[in-house]
Structure formats: structure tokens, C-alpha cells
Amino acid sequence: MSLRQLDPWLFGAFVVIALCSFLAQDSTAQALNSPGFATRQLVWLLFGAGSMVLVGLSDYRVWARAAPALYAVSLGLLAAMLVFAPLRAGTRSWIGIGPFGGQPSEVVRVVTILLVGLLAAEHRQRRSDLAGVLRLCTVVAAPMVLIALQPDLGVSLTYLPILLAALWLGGLPWRVWVALLVAALVLAGAAWLWYLKPYQRERVLTFLDSDRAPLAAGYQQRQSRIAVGAGGLTGRGLKSGTQSQLRFLPAQHTDFIFAVWAEETGFAGAGLLLAAYAALLMRIFLIALAARDRLGAVVAGCVGFWLAAQTAFNLAMVLGLAPTTGITLPLLSYGGSSILATCLGLGLAQSVWRLRFANV
Amino acid sequence: MSFVRDDLRPVQRRTALLLALCAAVFLVLLGRLWTLQVIQGEKWQRLAESNRLRRLPLEAPRGEIFDVHGEPIVDNRPAFQLLLFPEEIRDREESLRFLIDLGIGDEATIRERVTRALRTSHLPSIIADNLTWAQMAAVAAHRSDFREFEVHQTTRRSYPLGPAAAHLVGQLGEVGPEQLGREDNLKPGQLVGRSGLEKAYQNVLGGTMGNLVVMVDALGRQVSKLSEEKPLPGKPLHTTIDAGLQRAAAEAMAGQVGAVVALDPHTGAVRVLLSQPAFDPEQFAGFLDPGYWRELVGDPYKPLNNRALQALYPPGSTIKPLFAAGALADGARSPDDTVFCTGQVQIYGHPYRCWHAGGHGRVDVETALEVSCDSYFYYLARDVGLERLASWAHTFGFGRPTGIDLPGEISGLVPSDQWSRRARGHKWFAGETISVGIGQGPILATPIQLAVAYAALVNGGYLVRPHLVPAAATLPVPTGLPAVALTRVRAGMERVVNGERGTARRLAALGAPRKAGKTGTSQVVRKRDGVKWRDLPWEQRHHALFVGYAPAEAPTLVVAVVVEHGGDGGSVAAPIAGQILAHAFGGEVEVGTGADGAEEKPLATPPPPARGNHRGSQ
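These protein sequence lines are chains A and B, in that order.
Residue 52 in the numbering used here sits at position 48 of the first sequence, and the numbers go up by one each step.
Residue 687 in the numbering used here sits at position 594 of the second sequence, and the numbers go up by one each step.
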């Protein structure tokens with residue numbers, strides 16, 4: 005076991021993103037007048053890097069074998085949280101013990117990926133049958149529903165790419181895809197009617213028709229687009245973006261952190277960050293291709309597609325291509341649980357990479 | 094784990110497809126980033142600028158106006174305005190209640206102002222001005238509850254002379270949209286001159302508004318001052334007005350309705366320009382109270398009218414020196430021609446009465462002026478006819494504006510047969526000419542025209558252009574009147590004051606320098622026998638006029654006084670002119686030396702009836 009066995013490209017991309025993350029948080033910390041933000045983000049990133057290395061040096065197959073137990077504990081925790089977790093900002097997504105605390109919903113995602121990988125590996129060469137599909141759907145839907153009940157729609161939605169990736173990699177006949185599509189549409193319709201709150205519906209409608217409410221729901225997207233656009237080629241300088249420093253940008257340390265970065269560093273900085281994300285994700289997919297076994301391939305593929313989907317959706321939202329949904333940008337958005345979950349996923353990918361040549 | 098090697102190729106194929114999909118999505122995102130930042134960058138930068146920058150208009154102080162001695166007629170003093178930033182309003186009703194409690198106006202007015210302010214979206218509006226210290230303290234104390242209000246220091250017009258100079262300096266008002274379109278140095282909301290000197294010299298007095306550019310945050314709070322385009326103050330205006338004399342004229346006219354014009358007969362420099370009743374110019378310096386405006390507009394005495402330029406009066410006997418000069422110049426009369434006045438003359442089969450029922454006996458031109466004998470001028474009018482009377486009136490500037498550097502001057506009326514046919518639809522009657530001979534009937538002049546005409550009589554026959562600012566002076570225009578004619582007329586006018594039978598002989602008591610002038614009493618309704626004017630209702634009384642000058646030998650000041658329905662020129666208008674001349678040259682007006690006998694109570698001039706009871710006579 006040696007650090008040399010880890011993928012330097014993956015680690016390098018992570019370091020670049022982490023650096024950007026610290027600088028961007030440092031900037032919004034000034035805008036929001038909360039100097040602790042940047043420091044805490046840095047601590048989390050360092051802690052996350054350590055976790056990634058540790059998981060990378062471990063054997064992902066061991067984790068996979070523990071997955072069913074971990075998963076059961078996770079579901080129990082999520083269910084208990086609906087009753088016992090303190091209500092913060094309208095949701096019961098956060099628990100704490102002493103000075104430590106976080107959102108389990110972020111980390112449970114990694115456990116879910118492990119379990120999904122385990123299920124896929126047990127199927128081996130056979131094409132997925134209906135029972136297998138239902139099992140996959142249940143495994144992903146259970147935490148999703150519990151998290152949606154917290155309610156935390158943003159995190160809940162980040163489970164969806166895992167399911168899609170697992171189904172895709174497992175291989176499904178096209179008829180099943182059509183059936184799933186129909187089911188998804190029915191589910192979306194039901195969610196629209198009974199689950200989504202009026203302000204969430206308004207967000208979607210605003211995205212579809214940007215003139216709908218220029219001052220209410222459209223405000224965030226408009227300010228975000230102004231911030232990104234005003235960055236120009238070279239940006240306005242760190243801590244000098246007027247959109248962020250004068251607080252025109254909403255949720256600038258979480259959902260819209262990329263807009264802060266884009267405004268202050270311009271296309272040069274934003275393009276670099278985008279390239280770092282692309283490199284990171286490309287590397288994870290390459291790891292999936294290089295995996296020695298089906299478990300490794302599915303785990304790495306699911307981690308890759310989850311991070312790719314979350315990143316792409318957040319960026320699309322910031323750039324005005326998707327409605328605002330409260331989906332954060334991995335590693336860049338402020339928050340320890342999210343960083344930890346991302347790093348654990350990256351650590352699993354590293355482990356798959358490290359063990360790619362090992363004998364059966 | 095099984096020892097059979099798993100075939101991973103299908104999974105790898107599908108992973109490669111996922112990779113391709115993600116790469117494609119990232120390319121789209123990169124393209125979007127390029128579009129926003131590089132292609133459209135400038136547009137978004139502009140929007141970011143307008144997000145954070147707010148322009149506050151800075152009012153430019155208007156230029157001060159000084160009198161001929163350098164005394165301020167219009168001044169500026171610091172004042173505090175209450176600005177409303179509409180975007181900051183959290184609860185409109187609460188803001189309204191706060192404003193009402195502040196005591197800056199009644200509820201309806203405040204509601205209207207706030208509604209208007211909200212219509213101009215994000216620009217701040219002036220919601221109140223002239224705040225008291227207590228009001229400013231109240232705003233400051235509630236700063237955290239009402240972020241939309243801000244106290245703004247500015248300057249405000251102040252008028253040391255008060256209503257005495259109201260018409261002279263004129264009103265201010267917010268610039269109108271059509272004027273904004275014409276002149277690009279004006280900005281919306283700016284106060285501009287609407288009348289008087291403020292309007293005539295707007296280009297001098299009105300400065301250029303400045304701009305304060307401030308950076309605000311998302312909550313609209315001012316973060317920092319970015320740049321300040323200082324307002325350019327207006328330039329001062331030095332006028333020919335004599336503030337002390339203007340004040341004296343207002344005191345002398347106290348309570349009367351009418352006008353006073355005083356000017357230097359040689360240059361036309363106006364020393365006094367007074368119209369009464371007046372308004373309070375302070376009320377126009379900021380927010381005009383609609384109640385006050387309605388009161389002014391509804392007032393039957395029309396206090397907004399500048400009677401010195403905009404009111405027409407039959408000149409009455411004050412026209413006699415003009416016709417006398419014309420007659421002597423034309424040779425229609427020689428200085429020694431006489432008329433025997435029996436108190437009544439018979440012309441065209443009609444009796445025309447002289448004002449003095451007992452008759453003046455034999456009068457020549459000088460005596461006719463001294464005693465204001467009507468008979469002399471009836472015969473003159475009969476002998477020369479309307480056209481020549483009209484041409485003499487034109488010679489002295491009647492029937493056309495004098496060209497004073499104030500807006501709104503009117504022409505007056507010199508009648509003719511064509512005028513009669515056009516305006517009245519019938520031909521001129523010969524009998525009317527006889528009335529015109531004594532300044533009655535359809536011959537109308539403004540007080541400023543009277544003053545200019547008399548200036549020509551006493552300055553050697555030059556028509557001056559009256560002006561308030563030296564730069565507006567033009568060369569006097571010779572009328573061609575021979576000196577010998579003017580000398581005779583001036584001798585007659587000196588006897589009006591200094592002669593034994595002079596109609597304004599009370600002014601002789603003023604002492605040196607000698608005064609001269611001519612009285613006039615122009616009829617509003619036909620004179621009735623045996624009724625003293627003091628017994629008539631106010632609106633039926635005659636207009637009282639007097640145009641005087643001093644020193645008689647080398648005049649430096651002409652004063653024209655018109656008192657609407659004053660009753661009698663000699664006992665009402667002449668003492669007012671006397672008081673003004675006394676102020677200018679020293680000496681006291683002695684009261685009680687009336688021309689009309691014992692019942693005279695000089696200067697106890699009956700004022701017009703109380704406002705509001707009056708139903709209008711004009």
C-alpha cells in the first residue's frame with residue numbers, strides 16, 4: 005500500500021478544485037461578513053482529502069461487503085431523523101453530537117452506491133431482470149423518499165443519477181427504459197401536484213418563462229446570469245465582484261458559488277474550474293473502465309455519474325440553463341457533509357484504481 | 094467472489110457512452126460560459142453597473158438677485174428636504190402614517206405625493222421640503238424603521254422683500270415636459286422660473302443640476318460615494334430695482350389694489366415695479382400647497398396678475414399732458430390758445446361735463462393741465478379727431494408693449510375706426526372721440542406704458558425701453574416732439590403740484606426738490622350728480638391715477654401709480670406717489686392739505702372690501 009498507487013490526475017484535479025473552492029469561499033465570506041466560512045471550508049477540504057486517501061488505500065470490496073449493514077443503519081437513522089432531528093431552516097436534515105454535526109443524507113449516498121454496486125455484481129453477466137430492476141429501484145428510492153420527507157429536495161434529487169447509472173450499466177432492454185420513462189413522468193406529475201411547494205413550482209415556471217416574475221423567483225437566476233456575464237474574460241478580481249460583494253447574488257456561498265467565482269475570475273478562472281471538473285469526472289469514468297471487476301466498475305461509474313449530474317445541473321442552473329432547485333456544486337459549495345460525501349466517493353474510485361491489477 | 098472471470102465489456106461499453114454524454118454536456122456548459130462572459134460580457138457588465146449604481150440629482154442653487162445698491166431681493170438659504178426612495182418602502186401604509194404624523198401636510202396631499210413618487214420607480218423623489226428641526230430629528234430617530242426616507246440638504250429661495258417683490262421676481266415651478274424637451278440643460282424635477290425675473294433670466298439664474306453617483310448594495314443601502322458631479326450654481330443678477338423704494342411703494346399702497354411703476358426717465362431703468370394684491374413668493378420656492386394655489390386662482394382680485402404689465406386702465410386725465418404735447422407739436426393748438434370752461438360743453442348736440450361743475454373759466458394749455466380742465470380737451474378732441482389723438486398716443490408708446498425685460502406684457506389699446514369695426518362690429522362714433530380726449534372710453538394703457546410716456550415728456554422727447562437689468566437697455570428712440578411743446582407741458586405739470594389750483598397741490602408740502610405730475614380719475618361707471626365717490630360701493634368707484642416726477646427741473650424719477658377703484662387721483666393716488674417720491678428724495682408727506690376741501694381725510698384711503706365678500710367688478 006503506497007500513495008503512489010493512487011491516481012495523481014484525480015488527486016490533482018481535486019486539489020485545483022479545492023483551491024478554487026477556498027478562494028471563492030474566502031470571497032463570499034467577505035461579502036457575507038462571516039470570516040469563518042473560508043477557514044471552515046478549508047478544514048473540511050483537508051479532512052475530505054484525508055478521508056479520500058484513507059478510503060483509497062482501503063479495499064472497496066471490504067466496504068461493499070459491509071454495505072448491507074451500513075445501509076440498514078442508514079435507513080434507520082434517516083427514519084429516526086424525521087422524528088428526532090431538530091428543525092433547522094424548515095428541514096430535519098441535520099444532526100449533531102457535541103461540536104460535530106452534519107447531514108447524514110449526504111453520506112448515505114455513498115453507502116447506497118456501494119449497495120447498488122454489490123447488487124450489480126451479484127447479477128454478473130445476466131441481463132437485469134424485472135426483480136433486479138425493482139430491487140435497484142427500491143434500494144435507491146428508500147433513502148430518497150426519507151430525505152424528501154425531511155424535506156430536502158435538493159439532496160434527494162442527487163440520488164436519482166445513481167439509480168439511472170446503475171440501471172444503465174446493468175443493461176436494460178429499451179422497453180424497460182420506456183416503461184421507466186413513463187413511470188418517471190407519472191411520478192414527476194404527482195410530485196408537481198402533491199409534493200412541490202408553490203415556490204418550487206414557481207421556480208420551474210420561471211425558468212420556462214423568464215419574464216414571468218422578474219422580481220420574485222426570476223430574481224436569483226437573473227442576478228446569477230449578471231454575475232457570470234459581468235466577469236468577462238478576466239474577471240473583476242477576487243473579492244471585487246460587485247454582484248457578490250454587494251449581495252445581489254442569492255445563496256452565494258452554497259448554490260450560486262460558481263457565479264461568485266465566474267464573476268471574480270472571469271472566463272479564465274471559470275474555464276479552468278470547468279476543466280478541472282471535467283478532468284476529475286473523466287478520470288472517474290476511466291477508472292470505471294479500468295476496474296478489475298463488475299463491483300468496481302459499477303461503483304466508480306455511479307460515483308462518476310452522480311458527480312457529473314450534480315455538477316452539470318448546478319452549473320446549468322447558475323448559467324441560466326436549468327431552474328433553481330437547491331442542488332449544490334460538489335466541493336465548491338459551502339458544507340462539510342457534502343465535501344465529505346464527495347471525498348468518500350472519490351476515495352472509492354481511488355481504491356478501484358489502486359486495485360485494478362490485483363489478482364483474483 | 095467467483096473464480097470465473099466476469100465479462101466486463103458490456104459495462105465498459107456503457108461506461109464509455111456515459112463518459113461521452115458527460116463530455117458533451119460539459120462542452121455545452123463551456124459554450125454557454127463563453128457566450129455569457131466573452132460574447133455578451135459587456136451587456137452583463139452594464140447590468141451589473143445599473144444594479145449597484147444609483148444617481149441622485151443634486152439641485153443647483155439659483156443665482157441671487159440684487160437691487161441697484163447691491164441689496165439682495167432674492168436670496169438663498171439652507172433648507173432640508175425629505176427624499177423618498179421608492180424601492181426601499183417595506184410597508185406603504187406605515188410609511189404614509191409616519192409622514193402624516195410628521196406633520197408635513199394633510200393625508201390626501203401626502204398620499205398624492207407618494208403615489209407620484211412611486212410612479213418614478215427607483216429615482217428618489219422630494220416628498221417634503223423646508224423641514225423643521227423637530228421633523229428632521231423625527232426622521233433621524235426612525236431611520237432604522239423607515240429606510241426609504243432620507244434628509245437632504247439643499248438651498249431654497251428666500252425673499253427679503255416678501256410679497257412686495259412677488260410679481261417682480263416671479264414664481265418658481267417644476268419644469269414642464271415640453272420645456273424639458275426644448276432645453277437640454279434642464280432636468281426633471283428642477284425648479285425653473287415661471288414668471289417675473291425668475292423666468293426672464295432663467296438662463297442666468299438657473300444653474301445646472303449635478304449628480305451624485307453612489308454604490309448601493311442589494312438592500313439599497315448606500316455603500317460608498319463613487320463620484321460627484323457638482324451642480325453649477327446660477328449666476329447672480331444685478332438689477333436696477335431700488336429695494337428700499339420698492340418697500341416704500343408697497344407700504345404706501347398698503348391694502349390697495351393696483352400697481353406702481355417707477356423708473357429713471359433718461360435710461361428706462363426701473364426702480365419700482367409693484368402690483369397689488371400680491372402672493373407670498375416663499376410658497377412657490379418649494380412644494381406649492383395646492384390649497385394656497387386654489388386660493389390664489391380663485392381670488393377675485395387676481396393676485397397672480399402683474400398689474401404693472403398685465404392690467405389695462407383707461408388713463409383718464411393722465412393722458413392730457415400727452416395730448417397737450419401732441420397738439421402743441423402739431424400746431425393744433427398754440428400755447429396761448431384758450432378755452433372758456435363753464436363746467437359743461439355742447440358738442441354734436443350732446444352735453445359733455447367738466448369734472449368741476451362750476452367751470453374753470455378761461456384756461457390756456459398750462460392752466461388746463463393744472464386744473465385738469467376737461468372742456469379744453471373736449472374741444473381739442475373735437476377739432477383734431479380720433480386719428481390724430483391716436484397718433485399722439487402711439488407717439489408715446491401706447492398700443493404696443495414697452496419691451497420691458499419681463500414676460501407677459503400686454504399691448505393696451507389705442508382705438509381706431511378699423512378696430513371698432515373689427516372688435517365691436519360697428520363704426521366709430523364721433524362722440525366717443527370726445528371721451529378719448531380726456532382718456533376715457535376705449536383707450537387703455539398699462540401702468541408701465543404710462544411711466545414710459547411720462548419719461549418721454551420729461552427727458553426731452555425720447556421713448557425709453559424700460560428694463561430691470563442694465564444689459565437689457567437700448568438706446569432711447571427720439572419721438573420728434575419739439576422742446577418748446579414739452580417745456581409748456583412740463584410747466585403745466587409743475588403747476589399741478591405747485592399751482593394754487595393744482596389738483597395735486599398737497600404734494601407741494603413735500604418741499605424740495607419740486608415735484609410735478611398729473612392726476613387722473615378714470616370712470617368705471619357713469620358719474621352721478623351729488624354722489625361723493627366715498628359713498629359708492631368699492632367696485633363702482635373710479636380708478637385713481639397719478640404719474641409724478643422729481644426733481645421738476647431735471648427729473649431723475651418718474652412714478653406712475655394706479656389704484657383700482659381708489660376713487661380719486663388727487664387725494665388717493667397722488668399721496669401714494671408723494672410718499673414714494675419723498676422716500677426717494679427726502680421729505681415727509683404732510684397730510685390734511687387736501688385739494689377737495691374740509692371733508693378730506695387724506696391717506697385714510699378706504700381699502701377694498703374684505704376678500705371673499707367681493708363678487709368681482711372687472
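It is possible that part of the hints are untrue.
Unchecked claim - Only pairs whose alpha carbons sit at most 30 Å apart, straight line, appear in this in silico BS3-like list of lysine-lysine:
(1) B/Lys395 - B/Lys292
(2) B/Lys318 - B/Lys292
(3) B/Lys280 - B/Lys323
(4) A/Lys243 - B/Lys136
(5) B/Lys318 - A/Lys243
(6) B/Lys292 - B/Lys323
Calculated from the structure, these hints are not laboratory results.
Just so we're clear, the structure is a prediction, and the values are computed from it rather than from any experiment.
Going down the list of hints, with the structure as the test:
Restraint check: the Cα-Cα separation between B/Lys395 and B/Lys292 comes to about 20 Å, which is no more than 30 Å; the hinted pair holds. Simply put, B/Lys318 and B/Lys292 have alpha-carbon atoms about 34 Å apart, too far for the 30 Å limit, and the pair is violated. With a C-alpha separation of about 14 Å, the suggested pairing of B/Lys280 with B/Lys323 holds against the 30 Å cut-off. Between A/Lys243 and B/Lys136 the alpha-carbon distance is near 21 Å, which keeps this suggested pair within the 30 Å criterion.
Only pairs whose Cα atoms come within 30 Å are accepted, and B/Lys318 paired with A/Lys243 is accepted, the gap being roughly 19 Å. Between B/Lys292 and B/Lys323 the CA atoms are separated by roughly 24 Å; this keeps the pair inside 30 Å, and the hint holds.
Of the numbered hints given earlier, the model fails hint 2 alone.
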